[in-house]
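**Student:** Our numbering numbers the first residue of the sequence shown as 1 and each following residue consecutively.
Keep in mind that the hints were calculated from the coordinates and are not lab data.
You can trust all of the hints, since none of them are fake.
Restraint ranges, calculated between C-beta atoms of paired labels, are given here: (1) Ala181 x Leu45: 33 to 43 Å; (2) Arg93 x Arg251: 34 to 44 Å; (3) Asp167 x Gln44: 33 to 43 Å; (4) Pro48 x Asp210: 36 to 46 Å; (5) Asp210 x Ser182: 18 to 28 Å; (6) Phe33 x Val13: 18 to 28 Å; (7) Ala181 x Pro48: 42 to 52 Å; (8) Gly174 x Ala110: 16 to 26 Å; (9) Asp34 x Ala237: 26 to 36 Å; (10) Ile171 x Pro198: 39 to 49 Å.
Glycine included, C-beta positions come from ideal geometry on N, C-alpha and C.
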Amino acid sequence: MDRRIRKLEGIPVLKLPPRYLPGAVAALHQNAFDRDGFRDAIMQLFPPGRGEKSVFRGMVVPTLRALGLLIGFEREIALSSNGVVVYLGLERRPEDKGPLAVVLAELERARGLDEVWPVGPLSSKRAQELLEQAEREMPGKVGDVGMRVRSWIAHLEFAGVVVRTRDGQLIRVGLRPRAIASSKFRDALVDSYRRLTPRVVGEALVTIEDLRCMLAEIAYRETGAVVTQERFDRMLAHLVNNRRLDIRLHRAMGADQGLFIRQGIPYRSLSLGDVHG
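Could you put the whole structure together from the sequences, leaning on the hints where they help?
**Tutor:** What follows is the structure in C-alpha cells.
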C-alpha cells in the first residue's frame with residue numbers, strides 16, 4: 001500500500017465546520033471547567049432547532065479534542081495549552097489565525113500528513129487520484145477517508161496553512177511564527193512558576209500543563225511569540241538537559257493528559273528551586 005494512502009487514515013475526524021472554530025474556542029475559554037456554560041454558549045452559535053447531541057457532543061467537543069485544543073473529560077474540560085495559543089491570536093484580532101495555523105501545521109507534521117500534501121502546488125486532480133487509489137487499497141473506507149480529507153483541507157484553508165488558487169491548486173504557505181529565545185523562555189518559565197505559586201514559601205509543585213498555558217500567554221502578550229506545546233516541551237527538555245535551572249520533574253501516577261515525556265517517562269508536574277527568593 002502506498003505510504004501516503006496509509007497516512008490518510010491518520011487524518012483527524014473533524015465534524016465541526018471551521019467557521020465555527022473561533023466561537024467554540026472563545027466559548028470554552030469563557031467557560032473553563034463549566035460544561036453547562038460551555039454547552040449553552042455553543043448552542044447560541046447555531047440556528048435554533050439544532051440538537052445538543054448533534055452539535056455539542058457530536059461536533060464541537062470531538063473536533064476540539066481531535067485538534068488538541070481541549071483537555072479534560074466530562075465536566076472538567078478546558079482549553080489545552082494549544083487551545084490557549086489559538087485563543088490568544090483570535091482575541092487580539094479575530095482575523096489573526098496565525099497561531100491556529102502553527103498548531104494545525106504541527107499536528108499535520110506529527111501525523112505525517114505533510115508527506116501527503118508536499119510543499120508546492122497540489123492540484124485537485126492529484127487529490128482525487130489519491131482518493132481513487134485509497135478506494136482500491138482500502139475498500140469500504142474511502143467514503144469516510146474522503147470526508148475526512150475534505151474537512152481537513154477546509155480547516156487548513158481556514159487557518160491559512162494552504163491557499164487555493166483560481167485554478168484549484170492548493171499551495172502550502174511558508175509559516176514563520178515569531179520564536180522565543182532560549183533566555184526569554186527561561187525567564188518566562190520562572191515568571192509563570194512564580195505567578196502560579198504566589199504565596200508559597202520554598203518549593204511547590206505545578207502541573208506542566210498549567211505552566212504551558214501561563215507561559216504561552218506571557219510570551220504572546222509580551223513579544224507576540226507563539227509557544228505551542230511542542231515548542232514548550234522541546235525548550236523545557238533543553239533546560240533540563242543543560243541544567244540551566246534547578247528543575248525537578250515529578251512523574252505521573254496514572255493515566256493523564258497533557259503530560260511531558262522525557263526519555264520515555266511521563267511527567268505531570270515540576271518544581272523549581274530557589275526562585276521565590
